[in-house]
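*Asks:* These are the residues of each chain, in order.
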Amino acid sequence: MSVPALELKHVSCQFGNQKVLRDINLQVFPGETLVLIGESGCGKSVTSKLLGGMLEPTFGEVFWQDRNVAAIPPEEKMRQRLKIGYLFQSAALFDSMTVYENIAFGLHQNTDLKEKVVRDIVHSRIHDVGLTNDVGRKKPSELSGGMRKRVGLARALALAPEIIVYDEPTTGLDPVMSDVINELIITTRQRRPVISIIVTHDMHTVQKVADRVVMLYPIEKLQPGQSQIIFEGTPEQAFSSQDERVYSFVHGDATRRLQELATA
Amino acid sequence: MHSTPIYWLGEMIIRPVEAAGDFALFTYLTLSWVFSRWPRSSVIWPSLYQIGVLSLPVVVITGAFIGMVLAVQSYDQLRVMHLESQLGAVVNLTLVKELGPVLAATMLAGRVGSAIAAELGTMRVTEQIDALEALGANPIQYLVVPRFLGCVLLIPLLTIIADGAGIYASWIFSTYVLEVNSYYYWMHTYEFVTLFDVYSGIIKSVLFGAAIALVACHRGFHARAGAEGVGTAATQTFVFSFVLILLLDFLSGVLLSQISQWIYG
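As you go down the protein sequences, you meet chains A and B in turn.
Numbering of the first sequence is given in our numbering, commencing with residue 1 and proceeding in unit increments.
Numbering of the second sequence is given in our numbering, commencing with residue 265 and proceeding in unit increments.
Everything labelled a hint here was simulated from the structure, so no lab data went into it.
Idealized CB from N, CA, C, for every residue including glycine.
Be aware that a few hints might be false.
Here are the simulated distance ranges between beta carbons [what the hints assert, rightly or not]:
#1 B:Ser521 to A:Arg137: 53 to 63 Å
#2 B:Glu282 to A:Ser144: 35 to 45 Å
#3 B:Leu318 to A:Arg137: 18 to 28 Å
Work out the full structure: start from the sequences and follow the hints.
*Replies:* The following block contains the structure:
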């Protein structure tokens, strides 16, 4: 097996008194599409942010290509992080800027490219996500949820990242637009050999795009010493899992949850 | 364990120390960016416009009314002692040295500080600050430094304008309504208000500007999720800035008084 591109080793994370992750070990390999699933609050987004260097673990180590992220000097870490594109859950477009300025932001910030070259790249990314150039003049507040996600993806792609993290890319979208986003994830991977890390609740997305699925479980529902990663395997294995916790999540079966609520 | 008195005592001590340490680190990071690399002018100009130009009306109105209120209040006291010709000295000295900088800063903590906290707080909860980092921009350099520079450079300027408005309004009111002799009004002003007093007010307003910017940006960066979190950040900005303005006013007042005695004997 090849060297992992990203790796979490015995990572724990907490905010104040709230423990979110406990002793997580996770590897992401070149070229793969890894999907993180799990119920709300189980730490999926935190895991993706740790992998992308957006957060630092409370305990444990994060590795990028065999290099401990904590040991990378800040300037170099900033450069390395540009290899990771991030599509945020809410798209996180800058309200005060137009769509064009949003997509060009990373290029203006990190390169000395002439404006004509920047414009060509921005227009190319706008087309890549299935939009037209006239969208570039609009402000984020004028866009629909699906368009915002697509602009967010165009912005993440502008710096030609090697890794793309999608945080709940289909949440809040209608089924057709969700499928458009799923198709974009697939075509992005086909265009360039990127690593995709997708955080989602959407099992349709899992079926359509995942090479490997990892399911996290909330710490408060685990016994001491139990692993927080309760499933790791292919989408087919996830759908046929006999683990009651995996089964109920994957098939959207509320029986177990209702029992938990009744006994709480 | 969380309900024991020892736990609560520990929390009461640790929380403020932690908050003070975090604010000190935030200030250090901001100053290190200010002295190392400024953001592009296209990033700084909008902040200067927001802080400076848009605050002008409120600052002029505040200054003018402070001047007139001071004239009204002081006139009654001075008239009892037959010292109404000294009105210019009393009003203008109080304005340039103390009330002008403090009240202008208080007004700006409400208008500018709360707006900065709300804007940055909204950016925090909608992940726009995370997005900046993901796109290779340092949020302190990109968001805090322009606002810090705007406040430090323009709040003193706005204070001078407020002082000017106050002096002008109090002169008009004193001479036309209270019928104080204009010649004596200005003569006593020149006699009692020194250049050092004017500089004292400006130095104070620089400190107030820095305090407002740092508190507002820090609160914005630490806003909790939701509309309530952003609202709390804006409210805290005004309260903390106001307390800090009064504290800095006292400390700088003591220090400047010592310097004044050292210079003028």
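*Asks:* Go ahead and decide if the range 18 to 28 Å is satisfied by the Cβ distance of Leu318 of chain B to Arg137 of chain A.
*Replies:* holds (25 Å)
*Asks:* Range first: 35 to 45 Å. Now tell me if the beta carbons of Glu282 of chain B and Ser144 of chain A are that far apart.
*Replies:* holds (42 Å)
*Asks:* Taking 53 to 63 Å as the hint, is the beta-carbon distance of Ser521 of chain B and Arg137 of chain A inside that range?
*Replies:* Holds, at about 57 Å.
Hint compliance for this structure: no hint is broken.
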